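Top to bottom, those sequences are chains Y and W. Under numbering that gives the first Met the number 0, the first residue of the first sequence is numbered 0, with each subsequent residue one higher. Under numbering that gives the first Met the number 0, the first residue of the second sequence is numbered 0, with each subsequent residue one higher.
Certain hints may be false.
[As the list claims (entries may be wrong)] Partner residues aside, some chain W positions facing chain Y, computed with beta carbon under 8 Å: (1) A30; (2) F32; (3) Q42; (4) T98; (5) F101; (6) V110.
[Stated by the list, open to error] Okay, derived cross-link-like pairs now, DSSO-like style, lysine-lysine, Cα gap no bigger than 30 Å in a straight line: (7) K18/Y / K136/W; (8) K29/W / K18/Y; (9) K29/W / K136/W; (10) K5/Y / K31/Y; (11) K66/Y / K5/Y; (12) K36/W / K54/W; (13) K135/W / K36/W; (14) K11/Y / K31/Y; (15) K66/Y / K53/Y; (16) K29/W / K66/Y; (17) K11/Y / K135/W; (18) K135/W / K66/Y; (19) K135/W / K54/W; (20) K78/Y / K11/Y; (21) K53/Y / K36/W; (22) K31/Y / K36/W; (23) K66/Y / K136/W; (24) K36/W / K136/W; (25) K136/W / K54/W; (26) K54/W / K11/Y; (27) K53/Y / K5/Y; (28) K53/Y / K11/Y; (29) K11/Y / K66/Y; (30) K78/Y / K53/Y; (31) K29/W / K135/W; (32) K78/Y / K36/W; (33) K66/Y / K31/Y; (34) K66/Y / K36/W; (35) K18/Y / K66/Y; (36) K5/Y / K36/W; (37) K18/Y / K53/Y; (38) K5/Y / K78/Y; (39) K18/Y / K78/Y; (40) K136/W / K11/Y.
Since the hints were made in silico from the structure, they are not lab data. Just so we're clear, the structure is a prediction, and the values are computed from it rather than from any experiment. Think of the CB as a built atom: it goes at the ideal place given N, C-alpha and C, for glycine as much as any other residue.
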Amino acid sequence: MADDIKMRAQLKGDMVEVKVLIGHPMETGRRKNEAGEVISAHFVQLVTVTLNGKSVLEAQWGTGISKNPYLTFHLVGAKVGDIVAVTWHDNLGQSSSQQIAVTQG
Amino acid sequence: MQRRSFIQLISLFAASLLLPIQAFAAVWNKAAFEATKAENTIQGLGVPAQIPSSKDIEVIAPDRAENGAVVQIEITSRIPNTESIAIVVEHNPTPLIATFNFTNGALPYVVTRIKMAETSDVQAIIKVGSQYFTAKKRVEVLENGCG
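Only chain Y is shown next, with the shape it has when bound in the complex (with noise of 0.2 Å):
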């Protein structure tokens, strides 16, 4: 499990809200430092989210995302303790995944 993915996953009438918080810097590769040096590109590529091991959405990115993203979506079909989990790729060949329960909203 990373703490770099922040989640929730919420039971609110006949659909699931699922919320994620991404640490990561999401750096375009035209930003420059204070030495005037540019920054390489670091961003997430690819989110994928299952539940209970099924794919319900996936995510290409590029650089215009913001920092730290951030995602809310929704699930119908999906009950208490459904497994819901998210795994990021960025483009440095890093990755990360979490996963949580639904949980009563």
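The hints should help you fit chain W onto chain Y, whose structure is shown.
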């Protein structure tokens, strides 16, 4: 003998490192994400140049953004069988922000935070089977958020 097993070990290790990177690099739409003009972005996504606007797509974004580094946007498609949402900001250095594919009960709805270099339309492109629909919302940016 020792040398051979060492080489085998190294090549195995290298292969295990390369595999997942290649696997998802194949997924990431490099042509569309690295395009610097909106028309090339659209082309890279495989979307026709002219697509109809739809009132069943809602793009919620602020009228004015103080800081272009963090602009929260919300996109909803009420078009049945929506498969994916792409977000394009025409005046960004690389216009394609993100694509989202929904399956197995995920609703075509997303809230996220994006960077905006300057005042621009935020465009949502929705894919339904072989059809595409779009909606836009103009956001006035007071301070550049790309750098």
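Q) So which of the earlier hints does this model not fit? A) Numbers 1, 3, 14, 21, 32, 36, in rising order.
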